[in-house]
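Student: Take a look at the letters that make up each chain.
Protein chains: 2
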Amino acid sequence: MALLASARGEDAKKPATLDGLTALLKADLERVNGVILERMQSPVALIPQLAGHIIAAGGKRLRPMLTLATARLCGYHGERHVALAAAVEFIHTATLLHDDVVDASDLRRGLATANAVWGNKSSVLVGDFLFSRAFQLMVEDGSLKVLAILSEASAVIAEGEVLQLVTSNDIETTEEAYLAVIAAKTAQLFTAASRLGAVLADRPEAEEEALAAYGRNLGTAFQLVDDMLDYSARQVELGKTVGDDFREGKITLPVVLALRQASEPERAFWRRTLEQLDQQDDDLGRAIELMTRYGTLRATLDRARHYGEAARRSLALFRDGAERRALEEAIDFCLARGY
Amino acid sequence: MALLASARGEDAKKPATLDGLTALLKADLERVNGVILERMQSPVALIPQLAGHIIAAGGKRLRPMLTLATARLCGYHGERHVALAAAVEFIHTATLLHDDVVDASDLRRGLATANAVWGNKSSVLVGDFLFSRAFQLMVEDGSLKVLAILSEASAVIAEGEVLQLVTSNDIETTEEAYLAVIAAKTAQLFTAASRLGAVLADRPEAEEEALAAYGRNLGTAFQLVDDMLDYSARQVELGKTVGDDFREGKITLPVVLALRQASEPERAFWRRTLEQLDQQDDDLGRAIELMTRYGTLRATLDRARHYGEAARRSLALFRDGAERRALEEAIDFCLARGY
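Here the protein sequences come in this chain order: C and R. As numbered in our numbering, residues 1 to 339 make up the first sequence, in order. As numbered in our numbering, residues 1 to 339 make up the second sequence, in order.
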């Protein structure tokens, strides 16, 4: 507890916002939003309606900002980063829409998402449209290297999402399998988005790799914090619901670590709630209590900090300045959400 | 009835198979299947399982054969057509998987598809994987022109699918709106697949346009016959169920044309069955009876023949030979399914 308070105090000194990044990139971001707005149009009215809803709700534009900021960090002075940042956001939005698709079993538990308004089919098809638009933007850009990076990322994201589906409701899921899921479904797009900066500026392979490592570690930290927050009161302060992963039976790191130390009756509890999805009102409370007892939320956050530090080290190759500081602040922002 | 019998007799003389095409392309087709099998692999076992199921069931490989045959027609002697034909089939398969996704309302009516085995989420995510793989194959091919053609096609297909969703259950849907749906959701990929032959062989724009017109008209004819068959006893002979579109409330041309001539009670019938999806056991029989009375199945087939003839005329630009004859047979095959 003392440790937790001290950690909180230490982090409170750091900026917990993306303000540095958004201020630095304000003009570029407005142009990215312009491209997004323009290219999500279609004579089929439902497409801009649904896409507009989710793109507006998406909000912070973290992934496209990585492309914009790394391009500046690498001294890029052209125009291509704007359309490619929009392509990155379209891929992210398509993934969100497809993540929204639910099976009959989920519907019985009454989940409420954009899906609840427009239905599965609309979410899938508008996602497909945005995904195709992303590729059109890349084709217009004309770089086969960029196309290779983002088509590879898309395939890996899909693999990660399928792997997550397969490990859901399976309490035997290992920490390695969990890390493989988040490396693919989350960190891959952070990696690609950050790598693009060096590619655009035609920088040496070492800088490309350093920015890819920054994105990969930042994305991993981001997802670890996200998975921790799903069981944290902090999530309520952020205006989101707690326990979504629990209700879906997703096996995230706080659960994996709690299972590692579980007694036989605790194991039976996890099996009933997450494998069989047989959940009662106070089960989420009991889950959080077990995670607190074994310190697994704290341990998840510790791992996130470890990845955050690795992301920070990856930036050492680059000159100090506003861009690098803004990218460092993005790490702090991702971690600070957890405190 | 005499007319129908005569039409059948006339068409019976023409080959009603794709044998000419498959014989001509045998070696290439085996290589395409090799690429498909190789590139649908993933360490995530569910992906090749589900993809293998739908790709094996897909069967006739009509779209990739268009790329292979038009490439030969244009005198192309390279290797690129194989991987690009596989990319075309992956895009088609992804579309099939995403078409499989159902909403809660469909589930209540108990539809049975691949979805019934693996669920919505798996269909979506494996579709995304195949779609990404298609783009990776194109990027490896390295032609921005090919990438532009197929990314544009993908966006248009998604638009067409959304438009179909919007017009479903709306008995005010016009023939124009129906034709816009099938031009986008079906004919666009036939168009792109056929155009690729001329692009690969670096033939003049006129030949590219002629092959695109061939594909567009063939695809339109194909979909018209498909929509007619959904209300035809012929469909039962082909081993498929009748009335799928009716149960989903899809507004296809046989319905549009029947509505145009409908009495007030008949209009009420269509509204109840297709808009409100309030259907009883003998409603499908009554729908077929109305279509037969107004000759709308026959009229749909007539339009298909019209598009088939347009497809045939588009080939006039090319030298006569085995490739052209095989592409003409493909038209006969698409039409003959209707008799």
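If you're looking for bench data, these hints aren't it; they were derived computationally from the structure. Don't take every hint at face value.
Pairs involving identical chains hold if they fit within one copy or between any two copies, as the list cannot separate such chains.
Stated by the list, open to error - The list that follows gives simulated cross-link-like pairs (lysine to any residue, SDA-like), each with its CA atoms no further than 20 angstroms apart:
#	residue 1	residue 2
1	K240	E328
2	K60	R337
3	K145	A83
4	K26	A336
5	K250	L46
6	K145	R337
7	K26	A56
8	K250	A45
9	K250	G119
10	K240	R31
11	K145	R203
12	K26	I171
13	K26	R298
14	K145	D320
15	K26	Q41
16	K26	E248
17	K240	Y339
18	K250	L37
No experiment lies behind these values; they were computed from the predicted model shown.
Student: Give a verdict on every hint.
Tutor: To see whether the hints hold, each was checked on the structure:
no.: 1; hint: K240 <-> E328; verdict: neither (26 angstroms within a copy, 60 angstroms between copies)
no.: 2; hint: K60 <-> R337; verdict: within (13 angstroms within a copy, 53 angstroms between copies)
no.: 3; hint: K145 <-> A83; verdict: both (15 angstroms within a copy, 19 angstroms between copies)
no.: 4; hint: K26 <-> A336; verdict: neither (22 angstroms within a copy, 60 angstroms between copies)
no.: 5; hint: K250 <-> L46; verdict: between (31 angstroms within a copy, 17 angstroms between copies)
no.: 6; hint: K145 <-> R337; verdict: neither (34 angstroms within a copy, 44 angstroms between copies)
no.: 7; hint: K26 <-> A56; verdict: within (17 angstroms within a copy, 50 angstroms between copies)
no.: 8; hint: K250 <-> A45; verdict: between (35 angstroms within a copy, 19 angstroms between copies)
no.: 9; hint: K250 <-> G119; verdict: between (22 angstroms within a copy, 17 angstroms between copies)
no.: 10; hint: K240 <-> R31; verdict: neither (29 angstroms within a copy, 51 angstroms between copies)
no.: 11; hint: K145 <-> R203; verdict: within (13 angstroms within a copy, 27 angstroms between copies)
no.: 12; hint: K26 <-> I171; verdict: neither (45 angstroms within a copy, 48 angstroms between copies)
no.: 13; hint: K26 <-> R298; verdict: neither (35 angstroms within a copy, 61 angstroms between copies)
no.: 14; hint: K145 <-> D320; verdict: neither (28 angstroms within a copy, 41 angstroms between copies)
no.: 15; hint: K26 <-> Q41; verdict: neither (23 angstroms within a copy, 43 angstroms between copies)
no.: 16; hint: K26 <-> E248; verdict: neither (38 angstroms within a copy, 47 angstroms between copies)
no.: 17; hint: K240 <-> Y339; verdict: within (15 angstroms within a copy, 58 angstroms between copies)
no.: 18; hint: K250 <-> L37; verdict: neither (34 angstroms within a copy, 31 angstroms between copies)
In this structure, the hints that do not hold are numbers 1, 4, 6, 10, 12, 13, 14, 15, 16 and 18, in rising order.
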